[in-house]
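Asker: Chains as they are written, first to last, in this note's numbering: chain A, -9 to 338; chain B, -9 to 338.
Capping the alpha-carbon separation at 27 Å, the derived lysine-lysine pairs in DSSO-like fashion look like this: (1) B/Lys219 to B/Lys273; (2) A/Lys95 to B/Lys95; (3) A/Lys169 to B/Lys130; (4) B/Lys113 to B/Lys130; (5) A/Lys113 to B/Lys169; (6) B/Lys130 to A/Lys273; (7) B/Lys169 to B/Lys219; (8) A/Lys95 to B/Lys130; (9) B/Lys299 to B/Lys286; (10) A/Lys216 to A/Lys318; (11) B/Lys286 to A/Lys308; (12) A/Lys169 to A/Lys261; (13) B/Lys216 to B/Lys52; (14) B/Lys273 to A/Lys130; (15) B/Lys299 to B/Lys328; (16) B/Lys286 to A/Lys286; (17) A/Lys130 to B/Lys95; (18) A/Lys312 to A/Lys299; (19) A/Lys82 to A/Lys48; (20) B/Lys130 to A/Lys261; (21) A/Lys331 to A/Lys48; (22) A/Lys331 to A/Lys113; (23) B/Lys261 to A/Lys130; (24) A/Lys113 to A/Lys82; (25) B/Lys169 to A/Lys130; (26) B/Lys308 to A/Lys286; (27) A/Lys52 to A/Lys331; (28) A/Lys312 to A/Lys267; (29) B/Lys113 to A/Lys169.
A partial selection of chain A residues facing chain B, derived with a Cβ cut-off under 8 Å: (30) Tyr138; (31) Asp162; (32) Asn174; (33) Asn176; (34) Ile228.
Partner residues aside, some chain B positions facing chain A, computed with beta carbon under 10 Å: (35) Pro97; (36) Gln172; (37) Pro280.
Calculated directly from the structure, the hints in this document are not laboratory data. All C-beta atoms, glycine included, are put in the ideal place defined by N, C-alpha and C.
2 protein chains.
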Amino acid sequence: MSLEVQDSEVDIVIAALQPNLTSFFQAWQPFFSRFDIIVVKDPELAADLQIPSGFNVKVYTKSDIDGLLGATSINFSGHSCRYFGYLVSRKKYVISIDDNCLPAKDPAGMTVDAVTQHMVNLKTPATPFFFNTLYDPYRKGADFVRGYPFSLREGVECMLSCGLWLHNADYDPMTHVVKRNQRNTNYVDAVMTVPLGAMFPVSGINVAFNREVLGPVMFPGLRIRKEGKHRWDTLEDIWNGLCAKVICDSLGYGVKTGLPYVMRSDAEAGKALESLKEWEGVKVMDDVLPFFESLKLSRTAVTVDDCIKELAGIVRQKLAPKNAIFSKAADAMEEWTKLWKSHGAQNA
Amino acid sequence: MSLEVQDSEVDIVIAALQPNLTSFFQAWQPFFSRFDIIVVKDPELAADLQIPSGFNVKVYTKSDIDGLLGATSINFSGHSCRYFGYLVSRKKYVISIDDNCLPAKDPAGMTVDAVTQHMVNLKTPATPFFFNTLYDPYRKGADFVRGYPFSLREGVECMLSCGLWLHNADYDPMTHVVKRNQRNTNYVDAVMTVPLGAMFPVSGINVAFNREVLGPVMFPGLRIRKEGKHRWDTLEDIWNGLCAKVICDSLGYGVKTGLPYVMRSDAEAGKALESLKEWEGVKVMDDVLPFFESLKLSRTAVTVDDCIKELAGIVRQKLAPKNAIFSKAADAMEEWTKLWKSHGAQNA
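Can you make the complete structure from the sequences, with help from the hints?
Answerer: If you want it as structure tokens, here you go:
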């Protein structure tokens, strides 16, 4: 896992949903301190942020969002505020970790450097065309197994790295309510490419991507009605991930899941019950997943920008008649392509 | 991982490629002794088998194969002899482990019960329609993550369980020669369903399956020219696995990979070099994988038997013109459906 990571190629983007980020920054200090950090404050959060000194931090607030973008149909409140950070970053890569997550420990007791692991995931090839049963073939001590075609062993570029979570796993509110005392303790020491054509639920809790390439599809599109501030309220990252996966599949890029883990703080089961009463997310995915699984983007869409424009049109045509939230998602997708062109597309 | 496994529902099938199975059986005694064991002796192996007492073993030899089947176009020599055991078994499930494998230890130092883990894999549902980022959602302490559609949480029946290998990994002869000192030490504590449409290289080293359902597709079809007695010489299991995967995908069944591990004894690097000189396997997979990835079986093929007959026809039409080994594979596939009907299809 040795790899040169330049400070100048990575921004760390943190969505501040709580004012006091002191213990968060202190815990991440060994891994974050040499990088530029973009903190985007939830536009609905009133209290002043507390961020310890010793970091290269730039904080963006509601007035920055309003000032830069003016009137926009995209709602940047709650967890969605981080996407504003993706827009104003000028780095090749972005890493984003929720503000209720701390560094995890591996089974040997070593603290996990999530930054380096994400960068290893992004900078080593992905293998979407055939599953390797020993997982990441480029990892030290591993290789391609017997039967793996030699013509596929160079792999393709990896654009998205989705890390995982120990302790409080990323469940929906129903599962949180039912299994309120269950904690994830299983550290699975593997990174794998999600195969071509296979869809998976991307969590925005602990994620990294190639901003230069994937930026036009890293938007907050799907917002369910009466969405709150908890992860379990949201599907914006799941939707985002499905869009990113179909586009990576269409353009021949790879997407990985597995390491690194972060340690998530405790869920509040009572509050999950509150969310559940009106949670639209229970049924939405039953429409969303078949839509993405049967989707085929045209061969003439050869950039991420081409693909997302085509995808927004298909969402409007096929999904929007079922539920107004999909119509709003299509609006947000089209709006994002414009915002990205004006504000996001400049690179360092 | 607690689960009731009936002695009467499982056969363990061992291909004897070496005469002295004493240490193999002794090592597996805690896990094998209560089950019926079918040992099939490589028809080209001359020396008498040594098997310790205390096991319910039935040994099949060349004369049993010839006596039951008469003239057949299927070549049961080498690793392929185990498939005769699949044919004569009358149990619902079969587990097969290579005779150079011993029980592995997990990271906590506990000896792995590969039999029970395979049966857990087969008896708990598989989830081929969406990837669960926390891997097996039915495992103790795990669940479906946020975004996983509730309509898919019942899963489907798992028909094939492919275990892995510590120490001497299952590489092709080229990789064995290049990395002669590399040993796999990474115990990845996970079981996962291979997603719908994703192909993967099934290794026959450590495998279990539902014989009643999948039997008609568990055949030795592909035999490369000048194939020897080493695993690295063979692609019969890889071909078999690709056939099984497309058929499971077509019929809505699941296939899993991951746990259990077994410990494989050392490779003999010098011999890998000998195999390599004439190893046809280097290029064969570059034709085989695209064939399987683009394959679509018809909706009217609703049983494994229907599917394998259709598949054999497509192999003959599309692949056989490229290489005579595919024509022989199609012969073997058609022959196997007949053998299975006459000899394999009876259940206990």
